[in-house]
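Peer 1: The chain contents come next:
There are 2 protein chains.
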Amino acid sequence: MRTSLLLLGLAFTAPSVLLASDAELANRPFGLVIHGGAGVIERKSLTPEVEAQYRAALSQAREAGYAILEKGGTSLDAVVAAIQVMEDSPLFNAGKGAVFNADGFCDLDASIMDGRTQAAGAISGVRRIKNPITLARAVMEKSEHVMLAGEGAERFAQKIGFEFVPNEYFQTDFRRKQLEAAKLREAAAAKKKTSSLTTSDHFDRVARYGTVGCVALDRQGNLAAGTSTGGMTNKKFGRVGDAPIIGAGTYANNATCAVSATGWGEFFIRVGVARDIAAQMEYKGSSLADAANATIAKVGQLGGDGGVIAIDREGRVALPFNSVGMYRGFKLSTGAAAIEIFGQSK
Amino acid sequence: MRTSLLLLGLAFTAPSVLLASDAELANRPFGLVIHGGAGVIERKSLTPEVEAQYRAALSQAREAGYAILEKGGTSLDAVVAAIQVMEDSPLFNAGKGAVFNADGFCDLDASIMDGRTQAAGAISGVRRIKNPITLARAVMEKSEHVMLAGEGAERFAQKIGFEFVPNEYFQTDFRRKQLEAAKLREAAAAKKKTSSLTTSDHFDRVARYGTVGCVALDRQGNLAAGTSTGGMTNKKFGRVGDAPIIGAGTYANNATCAVSATGWGEFFIRVGVARDIAAQMEYKGSSLADAANATIAKVGQLGGDGGVIAIDREGRVALPFNSVGMYRGFKLSTGAAAIEIFGQSK
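Chains as they are written, first to last, in my numbering: chain A, 3 to 348; chain B, 3 to 348.
Keep in mind that the hints are not guaranteed to be accurate.
It does not matter which identical chain is used: a pair holds within one copy or between any two.
In silico lysine-lysine, DSBU-like type, Cα no more than 30 Å apart, as pairs [unchecked claim]:
| id | residue 1 | residue 2 |
| --- | --- | --- |
| 1 | K179 | K300 |
| 2 | K161 | K179 |
| 3 | K238 | K132 |
| 4 | K73 | K144 |
| 5 | K300 | K286 |
| 6 | K179 | K144 |
| 7 | K144 | K185 |
To be clear, the hints were calculated from the coordinates, so they are not data collected in a lab.
None of these values were measured; they are calculated from a predicted model.
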């Protein structure tokens with residue numbers, strides 16, 4: 003397993019139930035971690051120009067979230083701001099630039115969780131919402147539900163005044179070519195076999211991944227996590243991955259940590275990745291790093307791959323993954339910061 | 003919290019990695035627990051005739067599953083058999099007799115998990131599959147996915163040869179009247195308010211619940227869990243509850259336990275109820291009973307209610323709930339058995 007763990011023993015005053023004084027707030031650690039998807043990301047497959055584009059976009063997303071935290075804003079606001087930047091960028095498989103499903107549409111999933119209250123919101127299979135993470139947040143804050151699916155989620159968005167975009171807004175030539183390539187591979191493979199019961203035998207390992215996410219700790223000591231994705235190229239049958247599943251792709255609880263996952267969603271659901279990391283901290287007293295590593299190892303044992311980003315209430319972060327690469331970055335109030343793409347974090 | 007816990011210290015030989023001998027198998031505990039939903043079930047609201055119908059249906063479901071276990075069948079087969087009986091009965095909010103959504107359709111969700119492999123399958127929002135639990139199982143066994151939603155799930159069902167029924171098959175006069183009553187209450191309440199951002203202010207506490215589920219331990223020591231539901235009367239916006247969410251409504255792992263939940267789905271998702279019980283056993287060494295009680299207490303602290311059924315690998319069972327009642331039953335190879343509806347288990 004490749005790991006890029008950071009154990010930053012930040013000075014942290016015990017959480018106060020009362021409002022913290024300005025002096026206390028000034029000393030509290032804060033920061034955020036972002037990811038732009040994990041998978042087969044090899045140095046040779048990225049030209050220097052494209053790599054620079056990814057680094058710039060990751061940096062822009064990170065700074066958008068960090069600026070909010072620095073000004074004393076909430077971790078929820080920071081998570082949404084960072085994810086919106088990645089949704090708006092055509093580079094990532096979320097929002098604009100999302101992958102195409104088998105029918106030639108972009109189907110979007112997102113979820114968010116508030117570590118302070120354990121409130122959560124999730125949407126799956128929406129096609130006309132520019133920033134899915136903002137709709138997930140609206141489900142959390144403006145409905146009595148946690149998860150809304152498909153057209154129903156869009157009817158809710160309409161009711162509360164969301165702006166709609168045509169599905170073409172999300173569609174890019176790059177992703178359309180990925181879909182065409184996936185369909186050609188599928189057709190070629192289908193010729194070799196007479197029948198199959200699997201839904202997609204010819205899974206594109208490269209195109210399987212690509213989710214964006216952010217976890218943040220604010221100056222008030224509140225954690226939040228969010229995840230947004232277009233799912234899997236050429237996906238069929240209304241497949242739902244881990245991104246909109248609270249406990250699998252996203253989890254936050256002030257008592258432990260905030261986690262956003264990216265990887266082979268089916269394994270991440272079975273393991274309940276995000277919640278599993280928090281559960282080890284809650285019930286076993288594990289450190290964030292040990293818990294995150296153990297959970298990614300479990301995913302690997304079942305045959306899956308991917309990674310997570312996580313931050314705990316003391317501002318320690320972990321970014322383990324067992325895939326070839328993971329687009330990722332973090333910035334902490336200690337000054338520690340990085341943007342990475344390939345195997346090992348520097 | 004009302005609890006009905008059974009701690010049955012059954013003689014249990016340590017699990018063998020090799021095939022067990024007939025003599026060993028004969029000594030292994032096995033059994034199952036079922037539920038037919040939790041909620042406001044008061045003695046005064048059930049006539050003796052209706053109560054007798056529920057008891058007979060619960061008993062029929064339990065016996066269908068137990069017969070399979072007794073003959074040496076798998077816990078997965080037992081779970082599906084027990085749930086199918088409840089799906090086929092108009093008494094429960096699953097399959098035939100499911101509640102109506104706001105558009106006047108029955109929308110069905112189900113999930114299943116295999117404790118031996120942690121394989122899982124789930125479907126949400128299907129309208130034409132007679133026994134949703136069998137489609138959830140097919141997703142687990144015949145697709146590479148864990149969760150399929152809506153029309154996509156039905157296209158998968160068609161591809162693998164499932165028989166379809168019209169949505170009218172599920173619809174009953176009793177549930178139609180519940181929908182009409184819910185809409186009248188909603189309209190009356192809407193007159194008193196000029197606007198609202200909530201999706202359903204006038205949530206029907208009585209009609210909110212009603213899910214069916216089964217957890218089983220077979221003679222081979224394998225655990226399985228399954229859950230099936232029609233969701234919430236008058237539900238809107240493609241709302242997804244906990245029943246199809248692996249880790250919330252359903253979880254099974256031979257290392258710990260199998261759990262199926264029923265209750266106010268939003269809280270059950272936020273707590274990740276089924277996985278939370280297993281996590282306490284896995285990471286903290288809690289007993290099944292302590293873990294199940296602690297998790298239901300967490301749901302209560304957040305403001306939710308409902309219950310779970312659970313069985314561990316030694317055949318101990320727990321059936322805690324904090325709602326007024328829960329339709330439930332169990333039968334174990336020790337001879338212990340019960341069918342209960344109201345507050346306290348005898």
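Peer 1: Compare the structure with each hint and give your call.
Peer 2: Right, here's what the structure says about each hint:
In this homomeric assembly, K179 and K300 never come within 30 Å of each other (Cα to Cα): the closest approach is 34 Å inside a single copy and 48 Å across copies. Taking the closest pair of Cα atoms, K161 and K179 come within 30 Å of each other only across two copies (26 Å); inside a single copy the shortest separation is 35 Å, beyond that limit. Taking CA atoms no more than 30 Å apart as the test, K238 paired with K132 passes in both settings, with 22 Å inside one copy and 22 Å between copies. Taking the shortest Cα distances, K73 and K144 sit within 30 Å of each other inside one copy (26 Å), while across copies they are farther apart (51 Å).
For the homomeric pair K300 and K286, the shortest alpha-carbon distances inside one copy (16 Å) and between copies (18 Å) are both at most 30 Å. For the homomeric pair K179 and K144, the shortest alpha-carbon distance between copies (28 Å) is at most 30 Å, but the shortest distance inside one copy (38 Å) is not. Taking the shortest Cα distances, K144 and K185 sit within 30 Å of each other only across copies (20 Å), while inside one copy they are farther apart (40 Å).
Checked against the numbered hints listed earlier, the structure breaks hint 1 alone; every other hint is satisfied.
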